[in-house]
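**Q** As a plain string of letters, each chain reads:
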Amino acid sequence: MAVRALLLLALLVPTGLRAQPDTIPASDEEDYSQYDDLGFADEKAKRFAHPKVLDLSPQRFVSVLWDAQGAYTMRSSPRGSWPEEADAPVAEEARATYTGGLRVQANIPVVSRNSIVWQMQANYWDVRYRLSPTISTDSSAGLLRTLGDRGLRTTGLGTTVFKPLGETTFLILQASADLSGDYFLDDPQGLEHLRYSGALMWGRRPHDRLQWGVGLSRTYRVGAINYIPVVMYNYTAPNRKWGTEVLLPARAHYRRTFSPRSLLLAGYELEGQSYRIEGLSTGADSFEVRRGELRLRAEYQRQIKGFVWLSVQAGYRHDWSFNADELPGGNEFFRGFFGDQPFAMLNDLGGAPFAQVGVHLVSP
Amino acid sequence: MRTSLLLLTLLLLPFNFLKAQAPPDPGDRLIGVWEPSHGKARVKIEKIGTKYYGKIVWLREPNDATTGAPKVDKNNPDEALRSVPLRGYRLLKDFSYTGTDEWAEGTIYDPENGSTYSCVITLKDANTLDIRGYIGVKALGRTDVWKRLQAK
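Protein chains in written order, with the numbering used here: chain X, 1 to 364; chain U, 1 to 152.
Honestly, the hints are just simulated from the structure, not real lab data.
Hints may contain errors.
Claimed, not checked - Ranges between beta-carbon positions, derived for each pair: (1) T122/U x I228/X: 35 to 45 Å; (2) V104/X x K124/U: 28 to 38 Å; (3) I228/X x K138/U: 37 to 47 Å; (4) Y268/X x P24/U: 58 to 68 Å; (5) A71/X x G88/U: 58 to 68 Å; (6) I48/U x Y227/X: 53 to 63 Å; (7) T66/U x Y300/X: 23 to 33 Å.
Since the structure is predicted, the reported quantities are computational estimates derived from the model, not experimental observations.
For every residue, glycine included, the Cβ atom is placed at its ideal position computed from N, Cα and C.
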């Protein structure tokens, strides 16, 4: 009998070994000190600088935004050759009672490795104007009327590459091509009118709360092409309640973090592009409005549900530039901050309050 | 004497039998200690039942900078879980080996923002994992590369 019992036990013991818990243990008595002194199993493995710092506002996969400005006055000179400081006569004036439209943006990761991160961006911005003409002289070229009839659009593709050089240093390469003008999507302007922007930056990430960089950019942020230094400074305070998100001169924001699901940004952004006006362009020559805006703003972002976030923005839009250039043969030229090339038209926009609301699908 | 020999044989037989019959589970190559790309934590992946789970076993900064106390899951959307220590926290859950070096049907939790994402794990080589967290479809995701750790 005893032998039989022993045999039965011997047969059952391995069954007990096969049994595994189906649930996660409630308590954990593991000695965690055993994980203090570990190294990579692959001796060739390296650590690389991470592309983010703690608590940055969430990266957005897809955004749909509505932007609208309050009323202001637009003035336009006759077409000619006007130094920037010239006291040009007003040929056309209108009260803009509505300026705004839809913005759709996408940012999709293509390659996401420790050693390189490559993302592609696409964007479509639409600006419509509701104008009440107040002055229209015989010398007017009809720019404001054209804006009221057709509005402005920007469609672009971009790419960003983050390349770590080591555990704390990195390079960022950014490039984009934008088609900007008064075209409609069903009748776009030719790709020869694409405008190219780019930036190259070297940076350091000394710890999880700081990332800074310096570099050079080719930009249309103030309307006309410019080559300017760029400085990045993304910082989060040790108490994780505030920080900065800075990419000078394009934008600079103070960030107040209420929770991982809500935050406030306060600062400014420069927005701009060179918009070809088809009706005022003749042949290969391109008539382009150098639109640049300084937007002083505050933006509240919060999670709605899951990965869907809401942003609400309000501020004041200052007209940095709305002058126009004639580009013979469509060829771009460089004026920079100190060039004295005359404009083909001097335009002036009054300042205006603005608001923007957006819904975003944010990235992991 | 014969009875004793018989008993010994019977006692040892099942173990030898199991050892000989059960080939190593290819899914178990996921088991081990891994370091995410940010290097702030180490994650031990283990098998419980038929599924794989990963818990934080090491933190570069184990204590909260403000309070000095061990870090807890303070960003969890469930208030009741905000006092749970981060060390020991299971952030990878419910992965099943689907073959072709892939573990799927699991989730990954990000303690930095309290979000849980769908996740698929791919073994790139014996010491490298691609951990892809995504939203709905894999295209809307981000891949992090984890490296296997071992005792120095």
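**Q** Please write out, lowest number first, the hints stated earlier that are contradicted by the structure.
**A** none
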